[in-house]
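Protein chains: 2
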Amino acid sequence: MMTKNILHQKGIYFLSLDLKQLTDYIEEKKPTQIAVIVDSNTDSNCYHIIKKIIPFHQKIVINPGEEFKNLNTCSHIWQEMTDAEFDRKALIINLGGGVIGDMGGFCAATYKRGIDFIQIPTTLLSMVDASVGGKLGIDFNGFKNHIGVFDLPKRVLILPDFLKTLSPMEVRSGFAEVIKHCLIQDKAMWLEIQKISQADILGGKIDWQPVINHSILIKANVTDIDPTEKGLRKILNFGHTIGHAIETYCLGIVGRKLLHGEAIAIGMITESYLSFKLGNISQDDLNQICQYLISIYSKVAFSQSDIDQILPLALQDKKNVGGAIKMALLNSIGDCGYDFEISKKEMEQAINFYLGL
Amino acid sequence: MMTKNILHQKGIYFLSLDLKQLTDYIEEKKPTQIAVIVDSNTDSNCYHIIKKIIPFHQKIVINPGEEFKNLNTCSHIWQEMTDAEFDRKALIINLGGGVIGDMGGFCAATYKRGIDFIQIPTTLLSMVDASVGGKLGIDFNGFKNHIGVFDLPKRVLILPDFLKTLSPMEVRSGFAEVIKHCLIQDKAMWLEIQKISQADILGGKIDWQPVINHSILIKANVTDIDPTEKGLRKILNFGHTIGHAIETYCLGIVGRKLLHGEAIAIGMITESYLSFKLGNISQDDLNQICQYLISIYSKVAFSQSDIDQILPLALQDKKNVGGAIKMALLNSIGDCGYDFEISKKEMEQAINFYLGL
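Residue numbers (my numbering), protein chains in the order written: chain A, 1082 to 1438; chain B, 1082 to 1438.
These are calculated hints, taken from the structure and not from any lab test.
Errors might be hidden in some of the hints.
To be verified - If you want the footprint, here are the derived chain A segments under chain B, 3+ residues with CB under 8 Å:
(1) 1156-1162
(2) 1423-1430
What the hints assert, rightly or not - BS3-like mimics (lysine-lysine), calculated; alpha carbons at most 27 Å apart, straight line:
(3) B/Lys1110 - A/Lys1111
(4) A/Lys1170 - B/Lys1425
(5) B/Lys1110 - A/Lys1311
(6) B/Lys1140 - A/Lys1111
(7) A/Lys1110 - B/Lys1315
(8) A/Lys1225 - B/Lys1140
(9) A/Lys1407 - B/Lys1170
(10) A/Lys1170 - B/Lys1225
(11) A/Lys1425 - B/Lys1425
(12) B/Lys1225 - A/Lys1140
Since the structure is predicted, the reported quantities are computational estimates derived from the model, not experimental observations.
All C-beta atoms in this analysis are idealised placements derived from N, C-alpha and C, irrespective of residue type, glycine included.
Chain A on its own, in the form it takes in the complex:
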């Protein structure tokens, strides 16, 4: 496993263990004004940790949750920046999960055509995924991440201590992206990562720092090669075509909501099955993937009626030819391809395979 504390990837710094990188940046760049964007959760749980080391600054508080990731909240953020007379040399620090990072980054990237911003992700999911790769944006009338830009933060500070502010289930959810990064890019790490058990995660017994560093490096390498998702970057969608459909479906039903990683785990099992059916991975590989993911995330039950509603969601908003869809699938463990054409029927078989486990 990697143990470096600071990764430097195309001018972006990832730091573990302390906040010196942040104070160094501020001392060097001397921003004219600073704002920290938080939601009410990170305001209570995380803000006090960084408050004292940041010189005079504004705090912009927004409501927590995906349902506030919209233009109205952006207008609120832009207005607060305007009221505080932020100029082009101001700095935004986004302290929170994916919603704060995506939306706060978008507001910074568009204020006066772009001011500097720093991401301080507070969830495992945003540490290993949302904070890396420059995707910024908001939802628009029900469409997820529909309005946005690609822009890179000046720093991404990874402080695993913030994970202590999360529920163990939230940490487990973020871990799904860690597993995904191993499956699509690093077979050796896939073998290594399986030493982590559900009990380790829920019991808070993991030293996350090397795990996070490894995961970020994989994502950063992919997004450096293809920042705007013309090709290679699509492999990061492994597990997400069926996974997102399941997540969206369950979101709409009281009492059945799944966390992102819980849905992506099902997506990875079903899409590994499709990889197996194409002859890309062996029966043993498939068994190993299913066994480990279920040991971490347990099984979720779906009825035929559920499946009938999930499948159209997976097909939605894509260029379909005869009910087929393009997805990222494993070429082998540690190697992922993209633009594999899969039919609705094959997806249904994959979900039934999951249910039969």
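Could you slot chain B onto chain A? The hints should help.
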């Protein structure tokens, strides 16, 4: 004068005389969907010229004028794109003046984190200024171009025929930016351009194509060197510090509205006076500038009360030290510098100089 029909600047093509560049682009890139954004003016006067040569497309019509250059209109544009199921390979064609180009470009640059767009400016002002250099954006709660991004169109098509759809006063307004480009970058062209008289412009007697090509090349060279206005690009603000303040002031008074170029002409006279006071240009240079600009734009009267209200506008929203402001001023005819510190008192003297002409 330059007479090339096609200029190629860092992958952006400027075309005169025909629309082949547009049809070639569409044939080559095969966008999945196309929308033409117009306002009610360009819908009536310009759309019919390009309608037939563009394959199946949507038309998105917005209200004309700066007062609609806001988030509400963006939401309307994004919604129409969403309703038509535009994907990442859709194409936006912006047909209009600066408002359409800036706002339509911003909507394209942020829809699904950026789709391709083409600018077809229909005013002289947008042909020689707004369409070049990648500044996109909208106004926000009274602040001009407050929210936006830098992004380059795939093509900028210059069709001087559209100038026939404008009032002569609009053409004269755009001409101020042509004069500015000569003064800040090309002494030889400054001598040449003075052959154009007010009667030529108002009488529609100019062959605009070589004039526009020259002007675009100057702006494109500057913005290529400094796309995000960290330094050199500031010279494009020559005439605009005092000019913008006068434009804003007059906008608020019924019956005194000035077109952009009419205000910038006064800005160029007053800021040339300041360049002269610094010893950068000679008395003869100053006289020549004043004489030519007044021959084109005539004189506008201001009272002491007007001046007292204009000066604070010029100082507004800038980092002032003791009532001073930084502006772009001529080093000599054809050469412009930036970050010259000018006091409020000096600005007042400059406006009084203009009034005394």
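For each hint, the structure was consulted:
Given as covered by chain B, the stretch 1156-1162 of chain A passes the check, having 3 residues with a CB less than 8 Å from a CB of that chain where 3 are the minimum. Counting residues of the stretch 1423-1430 of chain A whose beta carbon lies closer than 8 Å to any beta carbon of chain B gives 0, which falls below the threshold of three, so the coverage claim is violated. Restraint check for B/Lys1110 and A/Lys1111: the C-alpha separation of about 44 Å exceeds 27 Å, so the hint is violated. Between A/Lys1170 and B/Lys1425 the CA atoms are separated by roughly 24 Å; this keeps the pair inside 27 Å, and the hint holds.
Taking the CA atoms of B/Lys1110 and A/Lys1311, the gap is near 14 Å; set against the 27 Å cutoff, the hint holds. Taken as a hint, the B/Lys1140 and A/Lys1111 pair is broken in the structure, with Cα atoms around 46 Å apart against an allowance of 27 Å. Of the supplied pair hints, the one linking A/Lys1110 and B/Lys1315 holds, its CA atoms being roughly 21 Å apart against a limit of 27 Å. Between A/Lys1225 and B/Lys1140 the alpha-carbon distance is near 25 Å, which keeps this suggested pair within the 27 Å criterion.
For the given pair, A/Lys1407 sits about 16 Å from B/Lys1170 by alpha-carbon distance, which is consistent with the 27 Å threshold. For the hint linking A/Lys1170 to B/Lys1225, the alpha-carbon distance of about 18 Å falls within 27 Å, and the restraint holds. Of the supplied pair hints, the one linking A/Lys1425 and B/Lys1425 is violated, its CA atoms being roughly 70 Å apart against a limit of 27 Å. Our distance criterion of 27 Å between C-alpha atoms is met by B/Lys1225 and A/Lys1140, whose separation comes to about 25 Å.
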